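Listed here are the chains, written in short residue letters.
2 protein chains.
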Amino acid sequence: MNAFSGKNAKELENYHAQLKQKYDEYKSNNLKYDMSRGKPCKDQLDLTNELLDCLSSSDILKASDGTDCRNYGLLDGIPEAKELFSQMLGVSTKEIIIGGNSSLNIMYDTISRAITHGVLGSEIPWGKLPKVKFICPSPGYDRHFAICEFFGIEMIVVDMKEDGPDMDRVEELVASDESIKGIWCVPKYSNPDGIIYSDEVVDRFAALKPKAKDFRIFWDNAYCVHDLTDEPEELKNILEACKKAGNPNMVFIFASTSKISFPGAGISFFAASEENINYNKKHMFFQTIGHDKLNQLRHVKYFKNIDGIRKQMRKQASILKPKFDAVLDILQKELAGKNIAWWNSPKGGYFISLNTLDGCAAKVVKMAADAGVVLTKAGATFPYGKDPRDRNIRIAPTFPPMEELKTAIEILCICVQLASIETIIGK
Amino acid sequence: MNAFSGKNAKELENYHAQLKQKYDEYKSNNLKYDMSRGKPCKDQLDLTNELLDCLSSSDILKASDGTDCRNYGLLDGIPEAKELFSQMLGVSTKEIIIGGNSSLNIMYDTISRAITHGVLGSEIPWGKLPKVKFICPSPGYDRHFAICEFFGIEMIVVDMKEDGPDMDRVEELVASDESIKGIWCVPKYSNPDGIIYSDEVVDRFAALKPKAKDFRIFWDNAYCVHDLTDEPEELKNILEACKKAGNPNMVFIFASTSKISFPGAGISFFAASEENINYNKKHMFFQTIGHDKLNQLRHVKYFKNIDGIRKQMRKQASILKPKFDAVLDILQKELAGKNIAWWNSPKGGYFISLNTLDGCAAKVVKMAADAGVVLTKAGATFPYGKDPRDRNIRIAPTFPPMEELKTAIEILCICVQLASIETIIGK
Numbered sequence: 001m002n003a004f005s006g007k008n009a010k011e012l013e014n015y016h017a018q019l020k021q022k023y024d025e026y027k028s029n030n031l032k033y034d035m036s037r038g039k040p041c042k043d044q045l046d047l048t049n050e051l052l053d054c055l056s057s058s059d060i061l062k063a064s065d066g067t068d069c070r071n072y073g074l075l076d077g078i079p080e081a082k083e084l085f086s087q088m089l090g091v092s093t094k095e096i097i098i099g100g101n102s103s104l105n106i107m108y109d110t111i112s113r114a115i116t117h118g119v120l121g122s123e124i125p126w127g128k129l130p131k132v133k134f135i136c137p138s139p140g141y142d143r144h145f146a147i148c149e150f151f152g153i154e155m156i157v158v159d160m161k162e163d164g165p166d167m168d169r170v171e172e173l174v175a176s177d178e179s180i181k182g183i184w185c186v187p188k189y190s191n192p193d194g195i196i197y198s199d200e201v202v203d204r205f206a207a208l209k210p211k212a213k214d215f216r217i218f219w220d221n222a223y224c225v226h227d228l229t230d231e232p233e234e235l236k237n238i239l240e241a242c243k244k245a246g247n248p249n250m251v252f253i254f255a256s257t258s259k260i261s262f263p264g265a266g267i268s269f270f271a272a273s274e275e276n277i278n279y280n281k282k283h284m285f286f287q288t289i290g291h292d293k294l295n296q297l298r299h300v301k302y303f304k305n306i307d308g309i310r311k312q313m314r315k316q317a318s319i320l321k322p323k324f325d326a327v328l329d330i331l332q333k334e335l336a337g338k339n340i341a342w343w344n345s346p347k348g349g350y351f352i353s354l355n356t357l358d359g360c361a362a363k364v365v366k367m368a369a370d371a372g373v374v375l376t377k378a379g380a381t382f383p384y385g386k387d388p389r390d391r392n393i394r395i396a397p398t399f400p401p402m403e404e405l406k407t408a409i410e411i412l413c414i415c416v417q418l419a420s421i422e423t424i425i426g427k
Numbered sequence: 001m002n003a004f005s006g007k008n009a010k011e012l013e014n015y016h017a018q019l020k021q022k023y024d025e026y027k028s029n030n031l032k033y034d035m036s037r038g039k040p041c042k043d044q045l046d047l048t049n050e051l052l053d054c055l056s057s058s059d060i061l062k063a064s065d066g067t068d069c070r071n072y073g074l075l076d077g078i079p080e081a082k083e084l085f086s087q088m089l090g091v092s093t094k095e096i097i098i099g100g101n102s103s104l105n106i107m108y109d110t111i112s113r114a115i116t117h118g119v120l121g122s123e124i125p126w127g128k129l130p131k132v133k134f135i136c137p138s139p140g141y142d143r144h145f146a147i148c149e150f151f152g153i154e155m156i157v158v159d160m161k162e163d164g165p166d167m168d169r170v171e172e173l174v175a176s177d178e179s180i181k182g183i184w185c186v187p188k189y190s191n192p193d194g195i196i197y198s199d200e201v202v203d204r205f206a207a208l209k210p211k212a213k214d215f216r217i218f219w220d221n222a223y224c225v226h227d228l229t230d231e232p233e234e235l236k237n238i239l240e241a242c243k244k245a246g247n248p249n250m251v252f253i254f255a256s257t258s259k260i261s262f263p264g265a266g267i268s269f270f271a272a273s274e275e276n277i278n279y280n281k282k283h284m285f286f287q288t289i290g291h292d293k294l295n296q297l298r299h300v301k302y303f304k305n306i307d308g309i310r311k312q313m314r315k316q317a318s319i320l321k322p323k324f325d326a327v328l329d330i331l332q333k334e335l336a337g338k339n340i341a342w343w344n345s346p347k348g349g350y351f352i353s354l355n356t357l358d359g360c361a362a363k364v365v366k367m368a369a370d371a372g373v374v375l376t377k378a379g380a381t382f383p384y385g386k387d388p389r390d391r392n393i394r395i396a397p398t399f400p401p402m403e404e405l406k407t408a409i410e411i412l413c414i415c416v417q418l419a420s421i422e423t424i425i426g427k
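If you read the sequences in order, they're chains A and B. The first sequence lines up with residues 1 to 427 when you count with my numbering. The second sequence lines up with residues 1 to 427 when you count with my numbering.
Honestly, the hints are just simulated from the structure, not real lab data. Do not take every clue at face value.
[Claimed, not checked] With a cut-off of at most 30 Å between alpha-carbon atoms, the simulated DSS-like pairs for lysine-lysine come out as follows:
| id | chain 1 | residue 1 | chain 2 | residue 2 |
| --- | --- | --- | --- | --- |
| 1 | B | K282 | A | K128 |
| 2 | A | K347 | A | K161 |
| 3 | B | K333 | B | K347 |
| 4 | A | K281 | B | K281 |
| 5 | B | K27 | B | K333 |
| 6 | B | K304 | A | K301 |
Remember, it's a predicted structure, so these values are computed and weren't measured experimentally.
Construct all of the structure, not just a fragment, from the sequences and the given hints.
Structure (structure tokens):
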């Protein structure tokens, strides 16, 4: 089907003029809406406020092993935090390390140490090799790609399909190129597509036969419990799958409470085989004596158990679901059937991924910005910030209040249509 | 003077037998005292408990610039934390970054980034050079040396004098060897000697003319406000001195509240010239979106202002001073005038540094351990864990309760004497 099928050039010109008028009206309102990042909104943050009250000077400030959480010690976290969050990740308490307030920080540190020292099984540090490459299923998470770029790791784009990365291509690449040392994955509600990797994809990951013996899957399970529906799809357990496939050490798992409790003051997690954990702890020793144990204790007291986390996530969903629905409704109303835009309807996570006609995304993002709506930079979801087809726009519906969000998406839909018409009629 | 001057071999044998009897008595008590690390004791931690109560769900959780401290953002910290702690360090608010709960972590990260990317002014990353060396005034802090060892940085020992490192040697080394990229300093109440660098030493540091253009002074001002007396000596401001000497970018300053508030849940600081700060922030961007801002807010609300910090440190001193005095009294009583041991009487910090006869330290530490008193490993205060004269023992008086401490030091004094006699008479 052609874009705007049924409309001829003249009709498109007229429609463009109508849209332009609407656009200019919005523009004259001097809006300042920021939809650039996947930030929780105030109502979401308020959900967790009692976290601030659940640890006071009258409490026992000791971990279950007797360690005074105020003092130095426990490099890998307090036992009760390992207990609770290992359940969330489906690993054992020996397969988890509790970190600081940011899983991004753990990911960065993991790569940084791989560069300077290698990972378990590395013959030499990655930084001593002539070339290190990572596979980057795209669109993906800009911060992952930024870490690679910072360390000079060459990124190889692999397409995302409906059930995860193009595994034929992934298998072929890792089997043939020893310089490929890793792959970035957001396996549940992928950033930005909202895809859940199928069991088959997980199993194919676990069964990879990389040429590089120290190849690692960087499994950023950022949205592991971030469901928007009551019947979430399950993600197959990658660590178990890797063990079954005889590759127990091939995966590094990352997660945090950033979008469960507080983005600025949560706790983060690293999970992997016991061998990987022990190896990494030996390296971590040089970096810190231990992360903030009082905040770990606070989180355990607040959530109590895995049901506490699930309950919290249902509250989060009750705020987020209407926002996702509002965005999807407007996209449907304004763009559906025009063959100029395609989007997903995610069952969780933080983003809606919108694809325009080829060559339109950067223009749309600029037009929206000119009208006061700041979106994620076009291209940000691809390595080096370069979307080869210039078509992907990441919509982050969580932060703006509902009315702002609706207006912003209406403006976005106008911009998409304007840019599409201009592309079609060569304006 | 000879050791045990006045005592002949026979008398020493007898005295050894007496001491051995006492030692065996202590040994039979199956003590378990840990004096291995400079950890605050429970009473010290209790001083800060109200920190846990000063931020609750009913508070405004915004930083002074309006940022919601619960959410993402503010890579370099909240403005009011910069305001307060820049005063503590004697720098401007543009010359400080607020970190996570550990200054060790900032130091590690700073070196790690220097290895992978270099520092401001580096022509190539340090890790790409055939050799990188650091000057390590010794005795010093084992964790500093451990970072160097982890990154394969060669350590050059320089002696500590009464007013700081041997600056003749430091000047000579940095001026002649381009591979020397840094020097570790604990300029106030140095770990373990308790030395305060004199104004002259600070000025000579500031005026260094290193052959390496990207040479840095790693100024770990861990004990900047950790005075034990009411009239503390002042440490000259290194950043100001560096500016005056035309070397504004030559120093990196580190500090934390680990021994002001809680070791496990404090906040840490990095201070340097604005140029260094801006350069480092660009690198930090890849690692994190920002550190725990609620804990920063908590600290500012708790201390309120620089006087609040000073008041807190007087309370800390009221707990620590009697412990330092007790150690010094026992050392004086048991070891003075025997020419077998020398120690400092620090006016602040966390340690008392004890030097034995050459070749005795490892033996003393082992004997003490056998009697149930765990001291810092002998040699730990030197690079590679090797004390060339095997004589330095780091006493950490803060953690044990007073009675344990006294017993432990009595045992230590017996061990020092036993080992000394054995050395003298060749037993």
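Pairwise hint evaluation, B/K333 against B/K27, where the allowed Cα distance is 30 Å at most = holds, 21 Å
task = Take a quick look at whether A/K281 and B/K281 sit within 30 Å of each other, Cα to Cα.
result = holds, 27 Å
task = With a cut-off of 30 Å on the C-alpha distance, tell me whether A/K347 and A/K161 pass.
result = holds, 16 Å
request  = Would you check the hint for B/K333 and B/K347, treating anything up to 30 Å between C-alpha atoms as holding?
outcome  = Roughly 20 Å separates the two Cα atoms, so the pair holds.
inquiry  = Check the hint pairing B/K282 with A/K128 against an upper bound of 30 Å on the C-alpha distance.
reply    = Holds, at roughly 24 Å.
request  = Please work out if B/K304 and A/K301 have their alpha carbons no farther apart than 30 Å.
outcome  = It holds: about 28 Å lies between the C-alpha atoms, which stays within 30 Å.
The earlier numbered hints are all upheld by this structure, with none contradicted.
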